[in-house]
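What follows is each chain in one-letter form.
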Amino acid sequence: MSRPPTQPTSRRERRAQARYDRPAPQRKKIVRGSATRPAWQSPLVLTSIGALVIGAVIIFVAGGFKIGGPGPLELPETSYSGLAVDGETVGSPTAPVVMEVFSDFQCPACKLFYVEELPSLLRDLVQPGLLRIEARDIDIIDRGGSTESLELTAGAFCAAEQNRYWEFHDLVFWNQGGENVGDHDAAFISRVAEAAAVDMTAFNACLARGDIRQPIVDRTSAAAADGIRSTPTLRINGQVIVGVPLYDQLHAMIVQLAAQASPSPAPSASPASTTQPSVAPTPAPSGTGGGSPVPS
Amino acid sequence: MIRRRVTVQPILGVHPGLILAVLDVVGLAIASYLSVVELQGGVPQCGPLHGCEQVATSAYSRIGGVPVAVYGVGLSLVLLTLAITWWRTNLYVLLLAHYGLSLAGVIFEIYFLYVQLFVIGAVCVWCTSYGLSLILRFVIALVVWLRGNPTVIEEPGSG
Chain A
1 MSRPPTQPTS RRERRAQARY DRPAPQRKKI VRGSATRPAW QSPLVLTSIG
51 ALVIGAVIIF VAGGFKIGGP GPLELPETSY SGLAVDGETV GSPTAPVVME
101 VFSDFQCPAC KLFYVEELPS LLRDLVQPGL LRIEARDIDI IDRGGSTESL
151 ELTAGAFCAA EQNRYWEFHD LVFWNQGGEN VGDHDAAFIS RVAEAAAVDM
201 TAFNACLARG DIRQPIVDRT SAAAADGIRS TPTLRINGQV IVGVPLYDQL
251 HAMIVQLAAQ ASPSPAPSAS PASTTQPSVA PTPAPSGTGG GSPVPS
Chain B
1 MIRRRVTVQP ILGVHPGLIL AVLDVVGLAI ASYLSVVELQ GGVPQCGPLH
51 GCEQVATSAY SRIGGVPVAV YGVGLSLVLL TLAITWWRTN LYVLLLAHYG
101 LSLAGVIFEI YFLYVQLFVI GAVCVWCTSY GLSLILRFVI ALVVWLRGNP
151 TVIEEPGSG
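Just so you know, the sequences run in chain order A and B. Residues 1 to 296 in my numbering are what the first sequence lists, from first letter to last. Residues 1 to 159 in my numbering are what the second sequence lists, from first letter to last.
FYI, nobody ran anything at the bench for these hints, they're computed from the structure. Keep in mind that the hints are not guaranteed to be accurate.
Computed, partial: chain A to chain B, Cβ under 10 Å [unchecked claim]: (1) Leu44; (2) Ser48; (3) Gly50; (4) Gly55; (5) Ala56; (6) Ile58; (7) Ile59; (8) Val61; (9) Ala62; (10) Leu122; (11) Asp185; (12) Ala186; (13) Ala187; (14) Ala222; (15) Ala224; (16) Ala225.
Keep in mind it's a predicted model, so treat the numbers as computed, not measured. Every residue gets a Cβ at the ideal spot worked out from N, C-alpha and C, and that includes glycine.
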C-alpha cells in the first residue's frame, strides 16, 4: 500500500492517517478461543485442578484421620453386674476400706489408673466387699478457655442422676483424647452418654441446667483446700497416695487396711491424713508428669 | 509484557467484579465475627437456631489450633482484593485466581458441612452462611469466565 500523496485535511482523513501511522505492536489483537491447545490445558481446567488439589490438602490437614468421622467407642473392661452402685460410689456401704479417687477426665495418668487397675480392683476387692470406691471428679486441667473437663464432669453428674455414672465414667477414660484440644466436645459427650445407655432427653435437660456445674467448681476448690494438688490422688481410709500406685502394692495395702479396720468404715469425708502412703506410685507415662497438677 | 483481559458482560447492569467484591465483604464480615468471638474464648450466638456452640467447641472448628474462621478472614481478604482489582483492570488472571481460590474454599465448605451434619450432629448457621456466600462467589466467577472466554484480548503492556 502506498502512502497518501497529500496531507489530510478532513477529520476522517486525519483519523485514517493516524491509524495508518500507529506502530503495529500497539494494535490490539483479537484472539478467539484457544484452538491450538487441547481442552484439558485450558486455564479454567488447570485452575480447577489446582483448586481441587489445594482443597484436598486443606481437608487432609484439617481433618487428619477424622475425615471419616470418629471410630466406634472402645468398650471398657469393667463390669458392675452384682455390685452395689450408688451414683459415684461402687461397693458395699459397709466395706471396711473406702478409697476416694480424685481425678480429672482429661488426665492421662488417671486413664492409666482406671484402665490398668479398675477392672482388677472391682473383681478382687469390691466384689468381695472389702473396698468401696468413691469417685471425686474435679476440674484442674481446663485452661485457655477450654471447658472440656468441666463439661465431661457435668456429663458424669447427669449420668449419675440416672445411676449410669460408672458406665459413662469408664467410657470417657477408655476413649480419652488429648488435653484441651477439642477431643471431648459436645458430640463426644453425647456419643458416650448414648453408649452408656442413659436417657438422652433427661441427660440433655440435665446438661442444660444452670446449677449442674457449680458443684464441680466447689468440689475442685475444696479438694485444693484439702491439699489435692494433682490427679490422680487416692485417699484410702484417710491415707493419701498421689499418682498411680502399682496394683500389687495397692491391693496389699487395701487388704491390710481391711484386716485392721473396725466394722464401721472410716468416714469418706475425713480430712486428708499426713500419713505417708505405704505404696510407691507407679512411674507415670512419659509426658504425664505423674499426674495432672492443680494449676497455680 | 502481554496482558490478557476478558470481555465482561454485566450482570444486572453491574460489573461482576463489583458483585464479587460485595459478596467478599459479606463473607469477610461473617468470618470476622466468628473469629473475634472464638479467639476470645466465646461461642457465636445463633439466636433461635442452635448448633453454633457445638460446632464452635468441636475439634473440627480449629486447624493447627487456629479457628477455621480466621482462615476464612484471610481467604475473604484475598478474594476481595482480587475482585476489586479485576473490577478495575479486567485482567483475566485475577478472575482465574478468584475462581480457583473460591473453588478450593467451596471444597472445604462441603467437607465442613459433612462434618457438621454427620460427625458433630449440629449445624452452625454462621458457618453455613459463609459457605453459601463462597459457593455464590465461585459460581459467579465461573459463569463470568465461561461467558467471557471466547474472546480474549491480547495487548502489550507498558513494560
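We went through each hint and held it up to the structure:
1. Given hint, Leu44/A at the interface with chain B, holds; its Cβ is 6 Å from that chain's nearest Cβ, closer than 10 Å.
2. For Ser48/A, the interface hint holds, since its Cβ comes within 10 Å of a Cβ in chain B; the closest pair sits about 6 Å apart.
3. The interface hint given for Gly50/A holds, since its Cβ lies 6 Å from the closest Cβ of chain B, which is under the 10 Å cut-off.
4. Below 10 Å, beta-carbon pairs count as interface contacts, and Gly55/A has one with chain B at about 3 Å; its hint therefore holds.
5. Look at Ala56/A: its Cβ gets to within about 7 Å of chain B, closer than 10 Å, so that hint holds up.
6. For Ile58/A, the shortest C-beta to C-beta distance to chain B is roughly 5 Å, which falls under 10 Å, so the interface hint holds.
7. At a threshold of 10 Å, the smallest CB-CB gap from Ile59/A to chain B is about 5 Å, leaving the interface hint in force.
8. Residue-level restraint check for Val61/A holds (minimum Cβ-Cβ distance to chain B is 6 Å; threshold 10 Å).
9. Restraint check, Ala62/A versus chain B: the minimum CB separation of about 5 Å is within 10 Å; hint holds.
10. Hint on Leu122/A is violated. Least Cβ distance to chain B is approximately 31 Å, over the 10 Å limit.
11. Hint status for Asp185/A: holds, given a least beta-carbon distance of 4 Å to chain B, under 10 Å.
12. With a cut of 10 Å, the hint placing Ala186/A at the interface with chain B holds, because the nearest CB-to-CB distance is about 4 Å.
13. Interface hint at Ala187/A: satisfied, since its Cβ lies 5 Å from the closest Cβ of chain B, which is below the 10 Å cut-off.
14. Proximity of Ala222/A to chain B is violated relative to the hint, the smallest CB-CB distance being about 26 Å (cut-off 10 Å).
15. For Ala224/A, the interface hint is violated, since its Cβ never comes within 10 Å of a Cβ in chain B; the closest pair sits about 23 Å apart.
16. Interface hint status for Ala225/A: violated, as the beta-carbon distance to the closest one in chain B is roughly 27 Å, over 10 Å.
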